[in-house]
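My numbering numbers the first residue of the sequence shown as 15 and each following residue consecutively.
Worth flagging that the hints you see were computed from the coordinates, not collected in a lab. For every residue, glycine included, the Cβ atom is placed at its ideal position computed from N, Cα and C. Hints may contain errors.
The list that follows gives simulated cross-link-like pairs (lysine-lysine, DSS-like), each with its CA atoms no further than 25 Å apart [stated by the list, open to error]: (1) Lys301 / Lys338; (2) Lys301 / Lys397; (3) Lys397 / Lys264; (4) Lys264 / Lys34; (5) Lys333 / Lys301; (6) Lys264 / Lys338.
Taking CB as the label site, the calculated pair distances span [to be verified]: (7) Arg312 / Pro220: 56 to 62 Å; (8) Gly252 / Gln60: 30 to 36 Å; (9) Gln53 / Ala308: 38 to 44 Å; (10) Glu108 / Gln53: 40 to 46 Å; (11) Glu108 / Gly363: 55 to 61 Å.
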Amino acid sequence: MPHRARHVPPVESGSYPLRKGCAVRPLVDGEPAFRRICQAVEAARQSVWVTVAFLEPDFTMPDGHGHLFDVLDRAAARGLDVRAIFWRSPEVDERAHFPGSDAQRALLRERGLRFAARWDALPGEVCHHQKSWVVDAATEREVAFVGGINLDKGSVSPPGHGGPERFHVHDVYLELRGPAATDVHHNFVQRWNEASEHTLPDGHWPEGADAGHLAFPSQLSPAAGDVPVQISRTVQGGLYGNGTPPPGGKPFTIREGEFSIYEQYITAIDAARRSIYLEDQAIGSPKVVGHLRAALERGVEVIFVAPGQCHPAYHQARKVAATKPFFDLVASLDDFPGFTLAAIATNDGPGSYAEVYVHAKIMLVDDAWATIGSTNVADRSFKEDTELNASIWHGGVTRGLREQLFGEHLGLDTRELDDVAAFRRFHEHALANTWRRLTGEPLQGLAYRLDAGLYGLGRPARSE
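Required output: the full structure, derived from the provided sequences and hints.
Below, the structure is given as structure tokens:
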């Protein structure tokens with residue numbers, strides 16, 4: 015197999031070009047991901063910037079690092095420039111996110127928090143869904159983190175999803191250094207400077223002392239490795255107007271919006287020659303499902319790992335008669351022996367299993383290309399929510415991530431297998447685990463096969 019997926023084209027419709035010379039580290043599951051983020055924040059010398067979608071009051075970082083606010087305020091106390099962009103929605107329970115309500119602002123005052131914040135809103139429940147970190151922006155130490163892990167208790171899950179918690183979440187983040195980290199920096203500046211609420215009295219923190227605008231980056235971070243990376247986004251039209259390009263990038267009219275993640279998913283699926291592996295909490299894009307079927311028709315192996323208890327929106331959509339053609343299309347994927355829709359669960363006593371909620375948003379193609387980010391396989395994520403992904407053109411990184419995920423989900427070492435052989439092992443193992451569940455036997459590994467035609471008819475997940 016080629017070292018890099020040269021047959022998967024980068025997208026041309028976005029703000030950011032393909033950047034060579036990057037170093038990346040996939041971080042599987044919340045506990046190691048947040049541990050590494052906290053380490054980076056503690057080592058920071060100049061700045062810490064974060065975009066926040068969902069945040070629960072009882073969330074704590076691993077290893078005693080405390081709440082998000084503790085992590086940020088310790089950095090601010092050291093004299094660093096610390097900034098957070100919070101999503102604001104009046105339609106969403108404030109116990110799930112941090113819209114800066116009166117009670118929440120009272121909490122900030124009570125704690126005497128010193129970091130800077132701005133709030134960014136969208137109509138209704140449409141979400142500013144990016145979950146990114148930029149540490150020491152515009153320095154040679156710049157490091158970014160891109161992914162989809164929420165700041166909630168269930169997401170701080172160890173690999174393998176053991177432990178006492180009754181609700182475990184499987185997720186993936188990416189640590190990124192080098193020129194593409196500057197593009198994550200550029201995205202933060204664009205959002206910070208034009209955050210929708212920042213001129214309102216309750217649209218920034220500290221009260222009465224907004225931290226002011228940021229300068230766009232003027233040069234790229236130095237090369238840090240040999241991995242080509244491209245940052246892609248979903249941004250609605252009309253949200254931001256300053257189209258200052260990133261260093262070395264072409265002018266881009268952000269006022270008209272950006273939908274490069276959607277293009278990248280379709281382009282990568284259509285370029286696949288051997289294998290496509292997805293993990294996502296959602297199956298909500300008819301076009302993506304149609305292109306997956308076309309890939310199966312040309313002999314590509316496809317695995318889609320989703321929550322065993324589906325996303326509530328999927329469950330509700332199954333009750334709407336007009337959606338039947340889409341669900342028939344999903345069901346038709348099971349006609350191909352090279353397809354598996356799977357979920358993951360742990361053994362929870364004799365004949366009992368604890369579902370692990372799959373919240374990751376990743377796709378791997380041909381053991382050579384991967385994307386990791388905040389974007390669900392759903393039209394809302396591709397067209398409405400604000401999203402951020404990093405795509406990687408590197409066989410060693412992608413294969414290593416596939417081997418790590420299969421090791422967790424199957425309890426098997428697939429390092430001696432190529433992608434096709436490993437996928438076929440996954441198909442067999444997941445089906446065997448479904449039979450074990452039916453007969454009350456312990457699972458071997460975590461993954462079990464779902465019926466694509468019946469998926470969504472049972473009990474949905476307790477939360478999103």
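(request) Could you tell me which of the numbered hints above are not met by this structure, giving the numbers in increasing order? (result) 6, 10 and 11
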